[in-house]
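Just so you know, the protein sequences line up as chains R and W, in that order. Residue numbering for the first sequence follows our numbering, starting at 1 and increasing by one per position. Residue numbering for the second sequence follows our numbering, starting at 1 and increasing by one per position.
To be clear, the hints were calculated from the coordinates, so they are not data collected in a lab. Hints may contain errors.
All copies of an identical chain are treated as equivalent in the list; a pair is satisfied when it fits inside any one copy or across any two copies.
Unchecked claim - The list that follows gives simulated cross-link-like pairs (lysine to any residue, SDA-like), each with its CA atoms no further than 20 Å apart: (1) K53 <-> K155; (2) K155 <-> I43; (3) K108 <-> L121; (4) K48 <-> P143; (5) K131 <-> A118; (6) K144 <-> A45; (7) K66 <-> A91; (8) K186 <-> P143; (9) K84 <-> R3; (10) K82 <-> R93; (11) K48 <-> L162; (12) K139 <-> A118; (13) K53 <-> L162; (14) K212 <-> G179; (15) K108 <-> S136; (16) K151 <-> I43; (17) K155 <-> E52; (18) K212 <-> Y182; (19) K108 <-> E140; (20) K207 <-> R181; (21) K84 <-> K209; (22) K151 <-> F57; (23) K108 <-> A58.
Number of protein chains: 2
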Amino acid sequence: MARYQLFYWPGIQGRGEFVRLALEDAGAAYDDVARGKGGTDKIMAMMKGQGEKHPPFAPPFLKSGKVLIAQVANILFYLGPKLKLAPRDEASRLWLHALQLTVTDFVKEVHDTHHPIATGLYYEDQKPEAKQYAGSFLKERAPKYLGYFEKVIEKSGGPFVLGRKVTYVDLSLFQLVDGLRYAFPKAAKRIEKKVPRVVSVHDRVAKRKGIKAYLASDRRIAFNEDGIFRNYPELDA
Amino acid sequence: MARYQLFYWPGIQGRGEFVRLALEDAGAAYDDVARGKGGTDKIMAMMKGQGEKHPPFAPPFLKSGKVLIAQVANILFYLGPKLKLAPRDEASRLWLHALQLTVTDFVKEVHDTHHPIATGLYYEDQKPEAKQYAGSFLKERAPKYLGYFEKVIEKSGGPFVLGRKVTYVDLSLFQLVDGLRYAFPKAAKRIEKKVPRVVSVHDRVAKRKGIKAYLASDRRIAFNEDGIFRNYPELDA
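Bound conformation, chain R alone (with noise of 0.2 Å):
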């Protein structure tokens, strides 16, 4: 097996990082290619579609062999069973793609906290709709997308989504309530108290063997007020 090769933006976790966590956790052998030397120049050649028969919208993609596959939960869909992160059967793949696909949708949200009004502009340009957007975001819908994936886990019977082998969405549940500590560390306070079963996930998937190694490592790269989840205590609440 070659190794897989992932195409991100160097400097921030991003939705990269949902991939990066599976790769990790299953000590998968892959290169962070932008990361390397005129890694941004790789990306932007790959997207003008230079020689690609499937230029991508956008990053994060992952070349594994000859197949080039863009879009995150497709990226995670086709590396579930390889990594061991997903069963095999067709009915708990559509299964878990579509929770994949909520944690899509909810880190989109999380991204408009700072960005509600156009990606093109600065956030010094969109404040005051920020916080307005990010009210409704803390008290609206990010109880609604846990309380949703604390249901799942309930339905499960735990310690995971799909009970009690950890998958692909577990490691993004992870980054997800990771990513709100970092960015609303007082609101996730809050909101955490209600759904102790996605906590719970967050801690076991935290301790295991590849996640631990890779956090301590500078590999995993800071959050910081580049990526999806930004620290602007003027948004929390």
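Knowing the structure of chain R, use the given hints to seat chain W on it.
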């Protein structure tokens, strides 16, 4: 083969429409459950997870035999080969799925043109922000997304996204063009000039037997101001 059961809000095309178009093009037997008696209650019950092992987060979802599938792109991924609207080989299916997920992202941004601050608020309570959002959407985002699909069709050799055979992604592109024309007639005219291949997909899809019959039937709900694509003239430019 049992009939498919589609669960989606009655009264709007919304996200359910992307699934309806695939079912209708293929002439598949399906029930649009919530348009029958007590339909909305049935949706709510399934989301509450009453008796459902895999409760969905939001409509649309599709019941196929014992399998319940949520998220538009996931449903289409499942239906694609069965309805002969996708090839069966893995690489093509993943590529098509990435394209559909890009449609999903685009649809969310269309929705946000009238709801940039909070889905829980009325449009009337976020009009200035909507105008700003819609401005950059029409100037930057819509051309970027459609330009991407234009390039994809060009690379495939056309006339469809994968080449000679129509796929569910082409049906979705029909819906995007149709919706943009309804919501933003002036801007659509301008934007379409740069994406002739996308417009050609729209026109070819509109003439397909199943789609033509569907559009002329009362099963096609008219665009309206409760859906994703809303005609608010003040947002058009």
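Hint check results:
1. K53 <-> K155: between (42 Å within a copy, 7 Å between copies)
2. K155 <-> I43: Only across copies: K155 and I43 sit 19 Å apart there, 41 Å inside one copy, limit 20 Å.
3. K108 <-> L121: Intra 16 Å, inter 18 Å, cutoff 20 Å: intra and inter.
4. K48 <-> P143: between (39 Å within a copy, 15 Å between copies)
5. K131 <-> A118: both (14 Å within a copy, 11 Å between copies)
6. K144 <-> A45: between (39 Å within a copy, 17 Å between copies)
7. K66 <-> A91: between (27 Å within a copy, 9 Å between copies)
8. K186 <-> P143: The answer is within: 14 Å in one copy meets 20 Å, while 39 Å across copies does not.
9. K84 <-> R3: within (17 Å within a copy, 34 Å between copies)
10. K82 <-> R93: Classified as both; 12 Å inside a copy, 17 Å across copies.
11. K48 <-> L162: Classified as between; 18 Å across copies, 39 Å inside a copy.
12. K139 <-> A118: Only across copies: K139 and A118 sit 11 Å apart there, 22 Å inside one copy, limit 20 Å.
13. K53 <-> L162: between (36 Å within a copy, 11 Å between copies)
14. K212 <-> G179: within (16 Å within a copy, 47 Å between copies)
15. K108 <-> S136: Classified as both; 14 Å inside a copy, 17 Å across copies.
16. K151 <-> I43: Between copies only: 17 Å across chains, 38 Å inside a chain, cut-off 20 Å.
17. K155 <-> E52: between (43 Å within a copy, 9 Å between copies)
18. K212 <-> Y182: Within one copy only: 18 Å inside a chain, 51 Å across chains, cut-off 20 Å.
19. K108 <-> E140: Answer is both; intra-copy 15 Å and inter-copy 18 Å each pass.
20. K207 <-> R181: Only inside one copy: K207 and R181 sit 17 Å apart there, 52 Å across copies, limit 20 Å.
21. K84 <-> K209: Answer is within: at 15 Å inside a copy they meet the 20 Å cutoff, but 44 Å across does not.
22. K151 <-> F57: For K151 and F57, only the inter-copy Cα distance (10 Å) is at most 20 Å; the intra-copy one is 34 Å.
23. K108 <-> A58: This pair counts as both: shortest intra-copy Cα distance 14 Å, inter-copy 16 Å.
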